[in-house]
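Colleague: Chain order of the listed sequences is A and B. Letter by letter, the first sequence follows residues 5 to 113 in the working numbering. Letter by letter, the second sequence follows residues 16 to 131 in the working numbering.
No wet-lab data here; the hints were simulated from the structure. Careful, some of the hints might be misleading.
Claimed, not checked - Within a straight-line C-alpha distance of at most 25 Å, the following computed DSS-like cross-link-like pairs (lysine-lysine) qualify:
#1 A/K105 with A/K30
#2 A/K30 with A/K74
#3 A/K74 with A/K60
#4 A/K105 with B/K72
#5 B/K86 with B/K72
#6 B/K72 with A/K30
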Amino acid sequence: SQQGEEDPQALSIQEGENATMNCSYKTSINNLQWYRQNSGRGLVHLILIRSNEREKHSGRLRVTLDTSKKSSSLLITASRAADTASYFCAPAGYSTLTFGKGTMLLVSP
Amino acid sequence: DTGVSQDPRHKITKRGQNVTFRCDPISEHNRLYWYRQTLGQGPEFLTYFQNEAQLEKSRLLSDRFSAERPKGSFSTLEIQRTEQGDSAMYLCASSLGQGPPNEGQFFGPGTRLTVL
Chain A
5 SQQGEEDPQA LSIQEGENAT MNCSYKTSIN NLQWYRQNSG RGLVHLILIR
55 SNEREKHSGR LRVTLDTSKK SSSLLITASR AADTASYFCA PAGYSTLTFG
105 KGTMLLVSP
Chain B
16 DTGVSQDPRH KITKRGQNVT FRCDPISEHN RLYWYRQTLG QGPEFLTYFQ
66 NEAQLEKSRL LSDRFSAERP KGSFSTLEIQ RTEQGDSAMY LCASSLGQGP
116 PNEGQFFGPG TRLTVL
């Protein structure tokens, strides 16, 4: 299965701190995607990293991918209360998306 | 609003009733996807269309579930003889592309189904 497993299941930090979430998977992939879901904006695509890339940045987001360890990490720098959400990784081959259970991030003011 | 829209946003029904949900994708998107999400879980893939053709169906999609996209634009998802286990959020997504059917998906707000 290409389903990812996010770790930790829940994370609570203060505004301004960095948040790191990890994703592990079991099969070879074409790309790995991270999504965010909160009650206000639904499920939103954050970033896609391809299997031949090691690191990618988008604003305050930094994603790394280690295909030898079959793992990825999502770093959110200088977190804000608005970053409070569930974060899902989706390792993907050449078929459709499979999501894990997610990491629930709470950012307190 | 040019995003993916879903209707209704909430549906409460009694066990055994049939329900139908509608999804309107982003207008130029040729692919449309349905997912189901239960509390504490990530979305689970149900099925996807490329234009009007249904190209993949998950084993989660029992015989009571049917999806259509007759003109390659909007799609409907029907659940017949609903069961309490069908209670979930049903998400629709759309994308534009010819490559792997997992890139560039934009999600709608979902339809929350409660089966009493």
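Colleague: Now, for every hint given, state plainly whether the structure supports it.
Modeller: Results of checking the hints against the structure:
{"no.": "1", "hint": "A/K105 with A/K30", "verdict": "holds, 15 Å"}
{"no.": "2", "hint": "A/K30 with A/K74", "verdict": "holds, 6 Å"}
{"no.": "3", "hint": "A/K74 with A/K60", "verdict": "holds, 16 Å"}
{"no.": "4", "hint": "A/K105 with B/K72", "verdict": "holds, 21 Å"}
{"no.": "5", "hint": "B/K86 with B/K72", "verdict": "holds, 19 Å"}
{"no.": "6", "hint": "B/K72 with A/K30", "verdict": "holds, 22 Å"}
Consistency with the previously given hints is maintained throughout, with no hint failing.
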